[in-house]
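One-letter residues, chain by chain:
There are 2 protein chains.
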Amino acid sequence: MKKIPDEIIECLKENQNFLILLHQKPDGDAIGSAIAMGKGLKQLNKSVDYYIEFPIEDKLLFFNEIKCFNQQLQENYDVILFMDCSTGEFAFSPEKMPKTKVKLVIDHHKSNAHYGDLNCIEITGATAEIVFRILRALDVTIDEEMADAIFTAISTDTGSFQFSNVTTDTHIIASELYKVKPSYAHLSKRLHSQKNMDQMKMTGAAIHSLEILDSMPIAFMVLDYDTITKFGGSINISDDVANVGQNTIGVDITALLKEVRPGEYRVSLRAKFPYDIHEIALKYGGGGHERAAGFNFTGDIELLKEDLMEVYKEQSEQYETV
Amino acid sequence: MKKIPDEIIECLKENQNFLILLHQKPDGDAIGSAIAMGKGLKQLNKSVDYYIEFPIEDKLLFFNEIKCFNQQLQENYDVILFMDCSTGEFAFSPEKMPKTKVKLVIDHHKSNAHYGDLNCIEITGATAEIVFRILRALDVTIDEEMADAIFTAISTDTGSFQFSNVTTDTHIIASELYKVKPSYAHLSKRLHSQKNMDQMKMTGAAIHSLEILDSMPIAFMVLDYDTITKFGGSINISDDVANVGQNTIGVDITALLKEVRPGEYRVSLRAKFPYDIHEIALKYGGGGHERAAGFNFTGDIELLKEDLMEVYKEQSEQYETV
Numbered sequence: 001m002k003k004i005p006d007e008i009i010e011c012l013k014e015n016q017n018f019l020i021l022l023h024q025k026p027d028g029d030a031i032g033s034a035i036a037m038g039k040g041l042k043q044l045n046k047s048v049d050y051y052i053e054f055p056i057e058d059k060l061l062f063f064n065e066i067k068c069f070n071q072q073l074q075e076n077y078d079v080i081l082f083m084d085c086s087t088g089e090f091a092f093s094p095e096k097m098p099k100t101k102v103k104l105v106i107d108h109h110k111s112n113a114h115y116g117d118l119n120c121i122e123i124t125g126a127t128a129e130i131v132f133r134i135l136r137a138l139d140v141t142i143d144e145e146m147a148d149a150i151f152t153a154i155s156t157d158t159g160s161f162q163f164s165n166v167t168t169d170t171h172i173i174a175s176e177l178y179k180v181k182p183s184y185a186h187l188s189k190r191l192h193s194q195k196n197m198d199q200m201k202m203t204g205a206a207i208h209s210l211e212i213l214d215s216m217p218i219a220f221m222v223l224d225y226d227t228i229t230k231f232g233g234s235i236n237i238s239d240d241v242a243n244v245g246q247n248t249i250g251v252d253i254t255a256l257l258k259e260v261r262p263g264e265y266r267v268s269l270r271a272k273f274p275y276d277i278h279e280i281a282l283k284y285g286g287g288g289h290e291r292a293a294g295f296n297f298t299g300d301i302e303l304l305k306e307d308l309m310e311v312y313k314e315q316s317e318q319y320e321t322v
Numbered sequence: 001m002k003k004i005p006d007e008i009i010e011c012l013k014e015n016q017n018f019l020i021l022l023h024q025k026p027d028g029d030a031i032g033s034a035i036a037m038g039k040g041l042k043q044l045n046k047s048v049d050y051y052i053e054f055p056i057e058d059k060l061l062f063f064n065e066i067k068c069f070n071q072q073l074q075e076n077y078d079v080i081l082f083m084d085c086s087t088g089e090f091a092f093s094p095e096k097m098p099k100t101k102v103k104l105v106i107d108h109h110k111s112n113a114h115y116g117d118l119n120c121i122e123i124t125g126a127t128a129e130i131v132f133r134i135l136r137a138l139d140v141t142i143d144e145e146m147a148d149a150i151f152t153a154i155s156t157d158t159g160s161f162q163f164s165n166v167t168t169d170t171h172i173i174a175s176e177l178y179k180v181k182p183s184y185a186h187l188s189k190r191l192h193s194q195k196n197m198d199q200m201k202m203t204g205a206a207i208h209s210l211e212i213l214d215s216m217p218i219a220f221m222v223l224d225y226d227t228i229t230k231f232g233g234s235i236n237i238s239d240d241v242a243n244v245g246q247n248t249i250g251v252d253i254t255a256l257l258k259e260v261r262p263g264e265y266r267v268s269l270r271a272k273f274p275y276d277i278h279e280i281a282l283k284y285g286g287g288g289h290e291r292a293a294g295f296n297f298t299g300d301i302e303l304l305k306e307d308l309m310e311v312y313k314e315q316s317e318q319y320e321t322v
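Protein sequences appear in the order of chains A and B.
With full-length UniProt numbering applied, the first sequence closes on residue 322, and no number is skipped along the way.
With full-length UniProt numbering applied, the second sequence closes on residue 322, and no number is skipped along the way.
Please note that a few of the clues may not be correct.
Note that identical chains are pooled: a pair holds if it fits in a single copy or bridges any two copies.
[Claimed, not checked] In silico DSS-like cross-links for lysine-lysine, where the CA-CA straight-line distance does not exceed 27 Å:
(1) 2 <-> 201
(2) 181 <-> 272
(3) 189 <-> 59
(4) 283 <-> 103
(5) 110 <-> 189
(6) 179 <-> 110
(7) 283 <-> 99
(8) 201 <-> 110
(9) 195 <-> 42
Keep in mind the hints are simulated off the structure, nothing from the lab.
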């Protein structure tokens with residue numbers, strides 16, 4: 001495993017009072033990194049506060065350490081730790097930001113703006129991989145809750161060791177976690193398989209509406225207003241449901257329409273390489289990236305379908321002639 | 001990583017002609033173990049034949065080495081290798097079994113009957129973990145196809161590193177595979193996420209029919225004859241679909257009814273610890289284990305529901321009073 005720069009380790013060793021901040025809508029990597037880091041620093045007799053946005057997803061609420069989140073903050077800290085957070089603006093922060101001697105950024109996002117006084121930025125599967133290596137360098141003993149936190153972070157940010165961000169180090173760290181606890185089977189099930197009844201029924205409704213446009217590799221799904229009001233509300237439902245289309249063999253482009261008010265749709269588009277659905281989202285006044293974009297839509301759904309088919313035809317011809 | 005016994009390594013080094021056999025209906029671990037082992041032996045200039053049952057699941061058909069399966073067999077081999085196969089009877093074998101000097105069994109099943117002249121049996125996540133360690137001991141260079149084969153085997157038999165059979169060694173081996181190839185993201189998607197349209201629609205139909213019995217943690221699903229004939233036929237559909245129930249938060253017992261002929265049902269039952277649905281399957285003339293059982297059923301579905309609720313009530317009271 002790669003070595004953590006000495007100045008980062010020195011900063012953590014030499015200081016006493018820490019505040020941990022995460023990005024807005026914290027995910028498994030953010031929460032897991034915060035807990036492992038926070039408990040590690042406490043083991044070294046440091047004082048640690050957390051300031052973290054709620055709600056936290058149900059599946060992450062099992063950590064005992066969460067009861068230490070968002071207690072009375074101090075006016076001054078030695079170090080404010082920005083974790084898993086690509087810019088300072090994206091951090092969830094107190095309205096009146098406490099003073100600090102050092103802003104330390106620990107993150108794995110390529111796009112990180114290096115906005116700290118000290119920056120520990122590496123392109124890893126999860127920020128928690130960096131945290132694990134920091135804890136090792138600090139000679140911290142990783143207890144079961146910290147192991148669960150690091151596992152949760154890695155497992156969620158790598159899609160259970162499936163995404164292209166997994167490296168040799170990811171698995172070496174996982175192998176070390178199995179020396180702390182012999183099984184992460186229950187935790188994995190909690191993180192990846194289980195859905196509540198509403199999420200399950202929403203997925204079913206999406207599959208039921210799944211339509212392939214004119215033999216093209218385009219999946220088109222509509223969740224109508226009735227379905228949304230009956231089963232909607234859960235935080236991460238749209239990603240899950242858009243995946244229904246993208247996980248169907250032969251599909252390269254997915255459009256998911258959610259009827260948020262009668263006749264008004266929120267459209268999520270997904271594309272696989274080399275297709276680019278960014279332009280069509282811009283045309284309808286939305287935004288996003290090449291492979292994931294969205295926009296609000298009122299109008300004739302049949303025309304939207306035709307637009308999508310047109311985009312596919314243009315782009316597929318372009319790639320055929322290369 | 002644990003050492004492979006010398007006698008196993010000697011047997012592979014000293015002999016020249018090998019036949020590889022697998023269990024019936026070979027899965028990812030069987031196919032992956034066979035390919036990695038077969039290609040490893042060929043690298044050492046051994047002669048290797050494979051005798052393997054078809055069909056092989058679509059998702060596994062991408063290996064080039066499959067074109068070497070089931071060619072003309074010899075009458076005599078030095079070694080017949082039984083891989084991932086808990087008993088000799090469970091092996092898919094030629095009608096007229098070739099003669100051999102040595103039967104060598106390589107397997108990870110607890111229930112293995114040690115039916116070989118030499119047995120290399122260890123309780124690992126996948127048989128391919130043992131194969132990896134054998135190949136290392138033989139100083140074989142693992143090429144990309146062999147790495148894909150071992151990854152496929154481990155990834156499928158551990159549910160993408162989620163099951164309780166994963167150990168420190170599983171992740172150490174995975175970390176080594178990332179030194180051969182930098183990403184297994186496409187392969188993981190192929191193995192775990194993608195469903196064909198029929199499988200997707202069948203899952204949707206199962207979710208649509210999903211019913212919770214009288215506020216108890218029992219999921220009841222019926223795939224009617226129309227749905228079965230429209231979308232049925234794929235090999236592994238029942239496990240996938242029964243998981244719809246078991247993956248719903250709050251569900252401990254799932255009954256999936258497939259109407260295989262009008263009015264005739266194949267019932268699959270699943271239970272989570274500590275529930276036992278074996279007895280009810282026996283009562284209806286079926287069989288299985290505590291947590292997974294099945295039977296054929298014609299009759300009043302409402303009575304079956306009542307029986308299931310009765311089983312739950314009895315068992316839950318029993319556990320409450322302990």
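Structure-based check of all given hints:
Taking the shortest Cα distances, residue 2 and residue 201 never come within 27 Å of each other, neither inside one copy (45 Å) nor across copies (46 Å). For the identical chains of this complex, residue 181 and residue 272 are inter-copy neighbours only, at 22 Å across copies versus 37 Å inside a copy, given an alpha-carbon limit of 27 Å. In this assembly of identical chains, residue 189 and residue 59 lie within 27 Å of each other by CA distance both inside one copy and across copies; the values are 10 Å within and 23 Å between. Taking identical chains as interchangeable, the C-alpha atoms of residue 283 and residue 103 are never at most 27 Å apart, the minima being 40 Å within one chain and 67 Å between chains.
Only between protomers do residue 110 and residue 189 lie at most 27 Å apart by alpha-carbon distance; the minimum there is 23 Å, versus 29 Å within a single protomer. Within a single copy, residue 179 and residue 110 get their C-alpha atoms only as close as 31 Å, which misses the 27 Å cut-off; across copies the closest is 22 Å, which meets it. Taking the shortest Cα distances, residue 283 and residue 99 never come within 27 Å of each other, neither inside one copy (44 Å) nor across copies (71 Å). In this homomeric assembly, residue 201 and residue 110 never come within 27 Å of each other (Cα to Cα): the closest approach is 36 Å inside a single copy and 38 Å across copies.
Taking the closest pair of Cα atoms, residue 195 and residue 42 never come within 27 Å of each other, the shortest separation being 34 Å inside a single copy and 46 Å across copies.
The structure shown violates the earlier hints numbered 1, 4, 7, 8 and 9.
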